[in-house]
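K.L.:
Given the coordinates of chain A, assemble chains B, C and D onto it according to the supplied hints.
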Amino acid sequence: MVKLAEWRGKEVFRKYGVPLPKGAVARSAAEAGALVLDGTVPLPCVVKAQVLAGGRGKGGAVRFAATAAEARTAAEAILGLEFKGERVKEVLLEEKLSLSRELYLSITLDRSARLPVLITSGHGGVEIESVDDAEIDRQHVDPFPGLTSFEKRRVAKVLGLTGGPARSLDRLLESLWRLFQAEDAELVEINPLAVVGDGLVALDAKVIIEDDANFRHPEYAALRDDRTPLEEIAREKDIAFVQLDGNIGVIANGAGLTMATLDVLKEFGGSPGVFLDLGGTDDPRKVTEAFLLMARAKPKAVFLNIFGGVTRCDTVAKGLVDAMGQVPANERFPLVARIRGNNEKEGIEILRAAGVTSIPQLKESAQAVVAAAAGGSA
Amino acid sequence: MVKLAEWRGKEVFRKYGVPLPKGAVARSAAEAGALVLDGTVPLPCVVKAQVLAGGRGKGGAVRFAATAAEARTAAEAILGLEFKGERVKEVLLEEKLSLSRELYLSITLDRSARLPVLITSGHGGVEIESVDDAEIDRQHVDPFPGLTSFEKRRVAKVLGLTGGPARSLDRLLESLWRLFQAEDAELVEINPLAVVGDGLVALDAKVIIEDDANFRHPEYAALRDDRTPLEEIAREKDIAFVQLDGNIGVIANGAGLTMATLDVLKEFGGSPGVFLDLGGTDDPRKVTEAFLLMARAKPKAVFLNIFGGVTRCDTVAKGLVDAMGQVPANERFPLVARIRGNNEKEGIEILRAAGVTSIPQLKESAQAVVAAAAGGSA
Amino acid sequence: MSVLVTRETRVVVQGITGHQGTVHSRQMRDFGTNVVAGVTPGKGGTIIDEVPVFDSVREAVDATHANASCLFVPAPYAKDALLEAVDAGIRLVVIVTEHIPFHDMLVMYHYARSRGTRIIGPNCPGIASPGAAKVGIIPNVVFRPGRVGVISRSGTLTYEIVNGIKEHGLGQSTCIGLGGDPVVGTSFVDALPLFQEDPDTDLVVLVGEIGGTAEEDAADYVRRKFTKPVVAYIAGRSAPPGKRMGHAGAIISRGKGTAETKLAALQGAGAQVARFPYEIPDLVAEIVARGARR
Amino acid sequence: MSVLVTRETRVVVQGITGHQGTVHSRQMRDFGTNVVAGVTPGKGGTIIDEVPVFDSVREAVDATHANASCLFVPAPYAKDALLEAVDAGIRLVVIVTEHIPFHDMLVMYHYARSRGTRIIGPNCPGIASPGAAKVGIIPNVVFRPGRVGVISRSGTLTYEIVNGIKEHGLGQSTCIGLGGDPVVGTSFVDALPLFQEDPDTDLVVLVGEIGGTAEEDAADYVRRKFTKPVVAYIAGRSAPPGKRMGHAGAIISRGKGTAETKLAALQGAGAQVARFPYEIPDLVAEIVARGARR
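Protein chains in written order, with my numbering: chain A, 1456 to 1833; chain B, 1456 to 1833; chain C, 15 to 308; chain D, 15 to 308.
A few of these clues could be false.
To be verified - Below, in silico cross-link-like pairs of lysine-lysine (BS3-like), each with a Cα-Cα straight-line distance of 25 Å or less: (1) 1692(A) x 1773(A); (2) 270(D) x 1721(A); (3) 1818(B) x 180(C); (4) 1721(B) x 270(C); (5) 1551(A) x 1470(A); (6) 1755(B) x 1773(B); (7) 1470(B) x 1470(A); (8) 1753(B) x 1692(B); (9) 1818(A) x 180(D); (10) 1800(A) x 180(D); (11) 1539(A) x 1513(A); (12) 1741(B) x 1755(B); (13) 1800(B) x 180(C); (14) 1753(A) x 1773(A).
In case anyone wonders, no lab produced these hints; they're calculated from the structure.
Bound conformation, chain A alone:
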């Protein structure tokens, strides 16, 4: 998934006609001051760190300014901050509006119902998880025939909106529904959605785009920046690769088997650190690349747990043996292999020829790799 920063989300909002406060992005304190001075951002204004994590208000990443000088100071204080692991590179300056109510609104997928769901609450401006369930409304929307007027009227009534704000909601919901579908969004969220005078204004914007739809939206593919350098390389090579804190590298195929492997390793005291899911590849070169990527993460030991289906055991064994030859001697690590399924015999034979024994049972093989990481040998 591609999470858009607030200002990018608001650019998408603008394209679909969602009402927004006047505002602009600054990447330096000087730029922030200038945006106020030239009237782009009216005063008083809000200066918000552009990070993906929530809780910015409590975390000091949102400040207010009544003058250009204050805007500059606020931007200076926020830019460069490390907020929940993210470096703040941009601030969004926006006019501070005088609002009468704060609402919550989002559209996302309800997996169980296999339908999009429009979630609203009259209690906006706070973390929605903290709102009582009875105060949250869920309106399913059928892709055929799409969001209807009667559904929009119902939501307005639930939120207690009438007159101007109700008409504003009708247009806003139309915009968000079109955005949700046309941009292949996983989530569109506005919290708070403010009642300002006779209409509604989106004070925040959270937009998450589905990765799988990148073939329709190449413009989003480049936006992800929450990956480690190795994860970024893996993405370019189309390898599922996640780095965490442990010291055992796990190469498996398929998310379920990878998770089950993790469960077993933890059971025996192991601490998995890098997960590499080969998925359904049938190309030994891709296996080689994946293994070399794993080597660069410097694991204490590596557990190869493959059940051959689309990915055949001999393909994996070939790619693995090829990669092992390319890792410098001083960077080598113990390897425990378990390969089962399609072409199992051929794969085991290739590994054996390279000096690696495949341990057939998951339990025994997991115990072996935990021991190897703890300093024993594989």
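P.N.:
Okay, now just chains B, C and D, sitting in the frame of chain A:
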């Protein structure tokens, strides 16, 4: 329905990306010549009368020109012509393309199937009614999920298109389907659709827009110009009014009853000339307006045949009596009335007070009005 | 028994606060129909002639268990109103509204069908079973309980014909006005099986019009499956050809769609054909006299 | 008997001329599946391993009476391929393709459902009944005919578990890999009734994963309606919380979606819970020993 002239239809085509020959509209011979001289219309070119009726080619309303002077002469010859009852006010000049095949393509509604249908034939450029049924393909399109790629591939195969022309067809069908839905079209027709080089080009354009959707498309409402002056007044007053050749005016309510009345009048030798369908009005002023409009058509006799439902008999009687008082004595005509249904008694009473007797049976009342129109009195 | 509506039918009127909605709700109640609710967004909580009005169909259904709807809302809002009724679980919707764009009606029809809701109309007078219920706008005065079924594409012509049957001393089991629009929720072919199965209907009067192929389709059905006597009338036999819908329409209805083709098809299927509306009651009476129960 | 596929199932492979399509068509045939046709637009008229290839599913169905499809076409074209299969009357489609946008899958699911077509997948290994047929990509070597049903959201983990059952000397009636995508055509709740009704299944192994509420829904169904023994395993018990899909996701699955909630729900419904994949065969064997037929 609103039938668009070819050039207007092509303006709509352009909006949806349908490939067209280069061309422009001229309203005078001088303008036609200038369009060629300034390069807007490449040579050789076609000069086509912009009328709604078909059969222009055979009827001398389409000419070819190899020079600007010829284009001027052709425009001069066509402009001002009376073609099947229409005065030619515009000509469309278009580059004459060298084509390898002529196809037929349209999208319209199949009432029985309650689905849009995409009609194609490899035999284009002739009246489609003259093409053998086995040479015509009908592909239904479900509004959910819309025209699909596999349906488009199927049509390409039926038409024997591959490569460039097949890809061109894919885009063209997408365009036409969007147009058909978004513009509320009753019919989108291209005949001929020409294979030119590696792609397709729409040489003609027939677009008919549904009247009922005018609330979504006010831009089309003003385009109808095939009405008589009285029909135009009626349209503005929202009265269904049709002028034909006979001498009996018929005021009825509902299309079915109007048609049945016509059937009966013809049976007894009558010649109905003006039809006025009151529809479901319940407003005596509208009845008065309708009756005065009828008077302006100068019928020999008028038959009022009402079955009161939404339209109540007393409302009609009131409006009628009011109108009769407004018609000058020398313009009066015999009136035969038959009013039945809701508030029948009240209506009959109002008419009787004004000197008009309602004849309860359709047969007898029809005979009476035929006699009146033939010179007898009502 | 009757077709589609019974004494138990509980009707919600969508657009009840409009003039037509109010007038016809009253007439439906005078007919004996159980009008349990009205719906007009923004008017919830008010009362029209003892009928409670709700903001939404869902609220009306929750409060009153309405199971049929009569729809009077203006054409631009009709699609939404129908989707709302279907979504609220209404399984019979009579759409009186005229001038609904057929593109809207295509969506309405296929959505309703996928959810198991039957539409009658649009642009139709609705359905009535004397002694049971009426959903729609056919004048009450034309009815009399009996055993003649009527299915018609027309509005006022239906009233005329139903009234003629009554004046002849006969009565109707159920009368359905299908509406004359290009896309209708219920066609002759959809309605005929209901009358075939209705033990209270002895014969059916079928009133068609020129245009489309619904009557030819009906004739085909009558020939293959319908066992009760049929009296048919087609309006527009002498109508001028009029302004045609381009060539494509002709391609779809090749060799069908005129009064002649319709009458020939119906005659070929064994129907008695009336040349004028006033011949219908006589033909019906003859059939009744020949043995169908009155 | 078996679940969903039988010896009579006639499979068309959409995307048969791609590498995976070709390889797995061969493996399906090795399993004993009746692969009657392939479809790749533009490749009609060719033959792959004795299987005739057609330009469209309609042509394939007309020529071979195929009644199930296995779909290997790339994600951007998968929606169209599914609609084509449904339109051609195919009533079971196994979608192996991964990375289909869920917005596409929503359209696919609801369209298929409205036409009575069952989807398994996407991003799934498919379905196999040893001795009957296989539609999908589960390795043939893991199977052995028997009376244990397997329903799983995973891919390779399913192979692992099915293989474990085999190595324990037991066999499977039918194994369905549902796929792990956010929107799947067949969920646990949809699959369980099929096994409930299958006389050849004595017990069911249910393999779930963290995320979503499909396992909680399954537990609810098992508690209320499922009478056969269930052995359950949930993968990802010790997975890091990972990157969550914003707050809205949490609102939908309030108090559900973790390994703990899933395991508790399944245990509460009477399922035997395995902590690790290799515990599953033992639990199955115990149940068999207690009286369920092997």
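K.L.:
Look at each hint and say if it fits the structure.
P.N.:
Against the structure, the hints come out as follows:
Under the criterion of a C-alpha separation no larger than 25 Å, the hint pairing residue 1692(A) with residue 1773(A) is consistent with the structure, at around 19 Å. Distance hint between residue 270(D) and residue 1721(A) is fulfilled; the C-alpha atoms sit about 23 Å from each other, no more than 25 Å. Restraint check for residue 1818(B) and residue 180(C): the C-alpha separation of about 17 Å stays at or below 25 Å, so the hint holds. Distance check on the hinted pair: residue 1721(B) and residue 270(C) sit about 23 Å apart at the alpha-carbon level, within 25 Å; holds.
About 22 Å separates the Cα atoms of residue 1551(A) and residue 1470(A), which keeps this hinted pair within 25 Å; it holds. Between residue 1755(B) and residue 1773(B) the CA atoms are separated by roughly 23 Å; this keeps the pair inside 25 Å, and the hint holds. Straight-line distance between C-alpha atoms of residue 1470(B) and residue 1470(A) comes to about 21 Å, which keeps the hinted pair within the 25 Å bound. Our distance criterion of 25 Å between C-alpha atoms is met by residue 1753(B) and residue 1692(B), whose separation comes to about 19 Å.
With a CA separation close to 17 Å, the supplied pair residue 1818(A) and residue 180(D) stays within the 25 Å bound. As the CA atoms of residue 1800(A) and residue 180(D) are separated by approximately 17 Å, the hinted pair is consistent with the 25 Å bound. For a cut-off of 25 Å, the pair hint linking residue 1539(A) to residue 1513(A) stands: about 12 Å separates their Cα positions. Taken as a hint, the residue 1741(B) and residue 1755(B) pair is honoured in the structure, with Cα atoms around 22 Å apart against an allowance of 25 Å.
Our distance criterion of 25 Å between C-alpha atoms is met by residue 1800(B) and residue 180(C), whose separation comes to about 18 Å. The straight-line distance between the Cα atoms of residue 1753(A) and residue 1773(A) is roughly 22 Å, inside the 25 Å bound, and the hint therefore holds.
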